[in-house]
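Chemist: This is what each chain is made of:
Protein chains: 2
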Amino acid sequence: MSEHVSPPAGLSRRGLLGLLGAGAGGIVVGAAGGAVVGTTVATAADSGSAAGTVHPFFGAHQAGITTPVQDHLHFAAFDMADDATREDLISLLQDWTYAAARMTQGLDVSASGAVGGRPEAPPDDTGEALGLPASALTITFGLGPDLFERDGVDRFGIAARRPADLIVLPKFLGDDLVPAASGGQLCIQACADDPQVAVHAIRNLSRIGFGRAKIRWSQLGFGRTSKTSAAQATPRNLFGFKDGTANILADDTAGLDEHVWVPASGAAGWMAGGSYLVARRISQLIETWDRVRLVEQERIVGRDKAQGAPLSGGDEFTAPDFSKTDATGATSIDARSHVHLAHPDVNGGTRILRRGYNFVDGNSVLGSLDAGLFFLSYQRSPEQFVRIQKKLSTDAMNEYVRHVGSAVFAVPPGATEGSYVGAGLFA
Amino acid sequence: MSEHVSPPAGLSRRGLLGLLGAGAGGIVVGAAGGAVVGTTVATAADSGSAAGTVHPFFGAHQAGITTPVQDHLHFAAFDMADDATREDLISLLQDWTYAAARMTQGLDVSASGAVGGRPEAPPDDTGEALGLPASALTITFGLGPDLFERDGVDRFGIAARRPADLIVLPKFLGDDLVPAASGGQLCIQACADDPQVAVHAIRNLSRIGFGRAKIRWSQLGFGRTSKTSAAQATPRNLFGFKDGTANILADDTAGLDEHVWVPASGAAGWMAGGSYLVARRISQLIETWDRVRLVEQERIVGRDKAQGAPLSGGDEFTAPDFSKTDATGATSIDARSHVHLAHPDVNGGTRILRRGYNFVDGNSVLGSLDAGLFFLSYQRSPEQFVRIQKKLSTDAMNEYVRHVGSAVFAVPPGATEGSYVGAGLFA
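Protein chains in written order, with numbering that gives the first Met the number 0: chain A, 0 to 426; chain B, 0 to 426.
If you're looking for bench data, these hints aren't it; they were derived computationally from the structure.
Computed from a predicted model, the values in this text were never measured in an experiment.
Check each hint, because a few of them may be wrong.
The list makes no distinction among identical chains, and a pair is therefore deemed to hold if it is satisfied within one copy or across any two copies.
[To be verified] Result set (SDA-like, lysine to any residue): computed pairs, CA atoms no more than 25 Å apart in a straight line:
hint	residue 1	residue 2
1	170	328
2	213	399
3	390	364
4	213	298
5	389	298
6	389	231
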């Protein structure tokens, strides 16, 4: 690995992971990089600081699902090139694994980096994250339904291995989906506490995919709207309300096994330890919402705005009491409130792990901000999302939101060192 | 101020600043807010941490120019409503000043806040920054050329007070401007270390302007590309190079007086202590750039990629030696390099204070990222920018960038407590 690693197009075809075979135990060390052995990493980054937080890439599950939600997101959905082969898909997943494992450890995308290699060649790494620490970067890969089969063609020879759970989402009441924000054969979720680090990851992975896959749509998110750790404060969405109060937390092993991780007993064994990701771009009509009376905002959400306590009383973490009534005999929490309709009690116990982000993407010609929630949820089957979303068809909040993007992906289990994400699909 | 402050539309017409007259010394204290007296502030924010950094709003100059560049930007250009009057413009600037002074101190947009006031009314504050510290927020206001006169109409009675320096920028070679990212009668630059705080500021100021002004275009930026303090590390742009190495720093009083602040001796006396802002949305063809050889990238920039040292030798902060030649007799720094053409030595000593941000706004249908630099520069006259930009017409970097947005604004001096930004224009 002391020799130059050629630029992405060539690099990809050669099968980077193959080159690594000479090294012991997976990711090997280049002259320009730090040493990566298992989950131990040595880089120039200040790993003592929060910015220096480094999450292991390899493991039973992919990182970026139960990892404490980082502050920033860059998400991209990809389509394979029309002429791409099964071999291209495998080499792409291998190259992405190699690069992701490096970048999440705070390293350049390859050992020759942004300024190494031959000066007469383009650098492997695009360079804008030079000098920045890992910033808690996680990179999570997913496989869309039509990777397995598109227009009746099984291009990659994997149609027979498509998990039955990997359905195409039905159209929901009020969906106003645009193709430019929907679907995709592959996805990459990059989360980091520094947006430049997340952008650098997507950019370099997109570059590595050149000729094999290209970005179909993408989304930046700037403010997490959930938490996956009890230590994280509950953030607020752009309606000004706390969001993600009742999320499934990383230490809730039983809850994760029941609701998030695909069990080993499933029909598609290669997905055991994986999950399913639903991504929904939800535009929020914030200017309209902002003109709604406070009591009405709270009625719609079912919680008070200041503390996030259910309107049945208590504090943020008090369980809502949907039977409690006020002096007029009406329930304190409206039956059409968001908290009621999304609650496990009215959805047969169904829960999902949310991991969404706020976004603002410019403005309309009318001067309103193009703002909303980029909803991300992980569940052991997309059916869980479908059940809750159908229940939300009568949600009083629907008047103020528009679902404009939708996608679903099978998220394979984590890779073991020396292998790559999705390897089980081709075994 | 213990009474409810009515929602923005009504609030604006009543002239918030007028309501404040009862309080001593400008910004007064509401029950829901912290006490703001001069530059001393008491809030729930952890002002000991970086996130709790609070910058004074009032002063000789507006904050957000020499303030250490924060990590995030939300910028918006506004046009006044067609039927807006001089009185509307004045009340808008007053209301914006009131709200900006509060928000920069980590307070809600008004004393009644996001959950105060009457529950039967919409909250004054939209709420998504509840519980977040000031995060070093600065809010900087500017006035565009056609605020003074548009289509020959002097709607606001200020045409005669237009500074001669406030020109409309000429068309530069290679400009490919779109109206949706150009111009504007007013602008607001909100910078903060937390993007949710910057977005909250623009959203609430836009809301306050409802009926009087609306957003014409806007831009989020996620990574600063300059520094204004020697303590800040030089950041990198999306070409992977350090940017802003030779910027004018906040402690360079002489440099600021010479290049940035409008002198008291100028013809438009109300601008003394102010500055002029140029905003340019510059798309970077990053996928194309990424395929350029390292030596060629460095030749185009004129600096090495790793350290940012000029190609004539030394380290990042060594002055470039444009006369130095290599073994072939060619100058070490190409005459068409960016560092050469932008240098004060070839521009009659002209300097500007840069304050730009990287951006990524989704992707094209071809799968390339819509990425670039949102260039912001402050100078005592837009002529400084014009001179440098004309010189850059032969910049070798032009092959990889497209200027798609352009705007210029007069940035009034800072407001004194009890007054408002731009007051001098109406005196």
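Chemist: Now, for every hint given, state plainly whether the structure supports it.
Modeler: Hint check results:
no. : hint       : result
1   : 170 to 328 : neither (36 Å within a copy, 68 Å between copies)
2   : 213 to 399 : between (33 Å within a copy, 20 Å between copies)
3   : 390 to 364 : neither (34 Å within a copy, 34 Å between copies)
4   : 213 to 298 : neither (44 Å within a copy, 30 Å between copies)
5   : 389 to 298 : within (20 Å within a copy, 58 Å between copies)
6   : 389 to 231 : neither (30 Å within a copy, 50 Å between copies)
In this structure, the earlier hints numbered 1, 3, 4, 6 are contradicted, and the remaining ones agree with it.
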